[in-house]
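From first to last, the protein sequence lines are chains F and E.
Residue 45 in the working numbering sits at position 45 of the first sequence; the count goes up by one each step and never skips.
Residue 130 in the working numbering sits at position 130 of the second sequence; the count goes up by one each step and never skips.
Keep in mind the hints are simulated off the structure, nothing from the lab.
Since the structure is predicted, the reported quantities are computational estimates derived from the model, not experimental observations.
Do not rely on the hints blindly, as some may be mistaken.
Because identical chains cannot be distinguished in the list, a pair is counted as satisfied if it fits within a single copy or across any two copies.
No farther apart than 27 Å at their CA atoms in a straight line, the calculated lysine-lysine pairs in the BS3-like style are these [as the list claims (entries may be wrong)]:
| no. | residue 1 | residue 2 |
| --- | --- | --- |
| 1 | K186 | K199 |
| 2 | K84 | K224 |
| 3 | K42 | K139 |
| 4 | K42 | K199 |
| 5 | K41 | K199 |
| 6 | K186 | K139 |
| 7 | K139 | K237 |
| 8 | K139 | K84 |
| 9 | K186 | K237 |
| 10 | K237 | K223 |
| 11 | K223 | K139 |
| 12 | K41 | K223 |
| 13 | K224 | K237 |
| 14 | K186 | K42 |
| 15 | K84 | K223 |
| 16 | K41 | K224 |
| 17 | K41 | K84 |
2 protein chains.
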Amino acid sequence: METSFYGESTFQSKVNRRTSPKLFKHHMELINALEWRYATKKMNGQAVDADKVDQILRAAHLAPSSAGFQPYHVLLITNQELKKEILPIANNQQQIVDCSHLLVFAAWDNYTPARFDSVFGNMISTRNLPTNALDDFRKQMEGMLLSRSAETNFEHCARQAYISFGMALAAAAELQVDATPMEGFKAPLLDVLLGLDQKGLKSVCLLPLGYRDASNDWLVNLKKVRTPMDQFVIEYK
Amino acid sequence: METSFYGESTFQSKVNRRTSPKLFKHHMELINALEWRYATKKMNGQAVDADKVDQILRAAHLAPSSAGFQPYHVLLITNQELKKEILPIANNQQQIVDCSHLLVFAAWDNYTPARFDSVFGNMISTRNLPTNALDDFRKQMEGMLLSRSAETNFEHCARQAYISFGMALAAAAELQVDATPMEGFKAPLLDVLLGLDQKGLKSVCLLPLGYRDASNDWLVNLKKVRTPMDQFVIEYK
Chain F
1 METSFYGEST FQSKVNRRTS PKLFKHHMEL INALEWRYAT KKMNGQAVDA DKVDQILRAA
61 HLAPSSAGFQ PYHVLLITNQ ELKKEILPIA NNQQQIVDCS HLLVFAAWDN YTPARFDSVF
121 GNMISTRNLP TNALDDFRKQ MEGMLLSRSA ETNFEHCARQ AYISFGMALA AAAELQVDAT
181 PMEGFKAPLL DVLLGLDQKG LKSVCLLPLG YRDASNDWLV NLKKVRTPMD QFVIEYK
Chain E
1 METSFYGEST FQSKVNRRTS PKLFKHHMEL INALEWRYAT KKMNGQAVDA DKVDQILRAA
61 HLAPSSAGFQ PYHVLLITNQ ELKKEILPIA NNQQQIVDCS HLLVFAAWDN YTPARFDSVF
121 GNMISTRNLP TNALDDFRKQ MEGMLLSRSA ETNFEHCARQ AYISFGMALA AAAELQVDAT
181 PMEGFKAPLL DVLLGLDQKG LKSVCLLPLG YRDASNDWLV NLKKVRTPMD QFVIEYK
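Using the sequences and the hints given, assemble the complete structure.
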């Protein structure tokens with residue numbers, strides 16, 4: 001077994017996109033969108049259309065998750081007074097109040113039998129299965145997950161939420177809606193403010209949606225920084 | 001402050017897409033792709049073109065991450081003998097050997113000064129900044145991250161890897177490449193097999209890429225299951 005770095009020489013699209021852009025028509029949209037997006041630092045207050053917010057939420061909703069449990073929710077916040085209360089909790093990052101829609105991704109604090117009731121009930125009714133069709137699968141999942149600590153399970157749920165967070169980011173970018181992925185906030189304080197403890201949820205990341213104020217955003221014209229591709233991808237040949 | 005569920009009545013796109021599909025032309029691609037994709041259970045062995053794999057890797061590479069550190073790598077495995085060794089480690093899920101390209105997302109096991117050297121060096125050279133331009137930012141990040149446990153930092157890195165995992169999933173779906181997001185594998189054994197400990201990495205999730213064998217895949221025709229949208233999104237008005 002040899003390992004090697006993913007060389008620029010194997011990086012076909014760089015060449016092909018220059019010589020034959022149409023070849024890549026179908027998938028250029030996501031790549032272009034991801035090149036276009038950046039963590040917007042200053043928003044201009046313009047509201048995102050409800051239709052677009054809806055599509056972003058739909059993308060988040062369609063994200064896959066471990067065993068299909070979707071162990072997280074997306075909170076949609078448009079109330080300006082509430083956003084003002086969140087502002088200091090989010091280290092005074094102004095996008096919190098300058099965005100039109102603030103999404104909060106909040107993961108389950110644990111797996112529980114009640115949550116399994118809900119998840120398996122939904123699977124059975126959606127797929128029109130006999131009531132006991134998933135009993136073995138449920139037993140297997142319960143055996144694995146209910147014996148673990150709440151902390152371990154929460155981390156597992158948080159990871160699933162990040163897939164959804166990624167889908168929302170991708171959707172926003174494709175819609176040319178600006179967004180700022182944020183982890184810099186005091187989650188325990190936000191959880192209290194939003195009453196998440198009563199819901200068995202913990203906030204994990206924020207996504208303000210809006211439009212860039214390009215003339216007042218220090219980041220907008222800076223080059224995107226990424227680990228060089230030939231170091232990011234490690235090829236096992 | 002009132003909280004409410006995100007009602008079907010506010011779910012504009014359902015109505016609009018029926019009456020005016022062209023309105024949504026721009027963003028339907030991602031939503032359609034996410035509707036189309038599923039966790040493929042049986043692949044047919046057909047190889048994914050290098051160009052497409054490349055685009056999927058580019059989407060993974062473009063994912064945002066906390067402070068732009070990109071604290072993970074994507075391993076690209078095409079060696080069939082190596083895939084056979086991974087098979088039992090991944091609970092004999094046949095997609096491991098039936099896919100043409102197996103992606104392994106592996107997160108940093110910790111933040112370290114050497115890694116900060118590399119990350120900040122790259123930021124400085126990419127943006128052509130004075131050598132000391134990021135000193136304050138670096139001090140702030142080091143103060144926050146180097147005092148935490150390796151375990152906490154690894155979990156943080158793993159979450160970032162999941163955003164990238166989401167982007168790869170979205171890209172594969174847009175390219176109509178099938179993929180199976182997988183967590184069901186023995187990470188410590190895979191880490192040893194791939195020599196990840198020497199690289200300071202830990203595997204967190206797998207993504208076999210290939211094409212569905214629809215006639216032998218029990219999942220392909222089952223309805224996608226998701227938490228009802230009006231429960232998934234919690235609206236704060």
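Let me make sure I understand: some of the numbered hints might not hold for this structure. Which ones are they, in numerical order?
2, 4, 5, 7, 8, 10, 13 and 15
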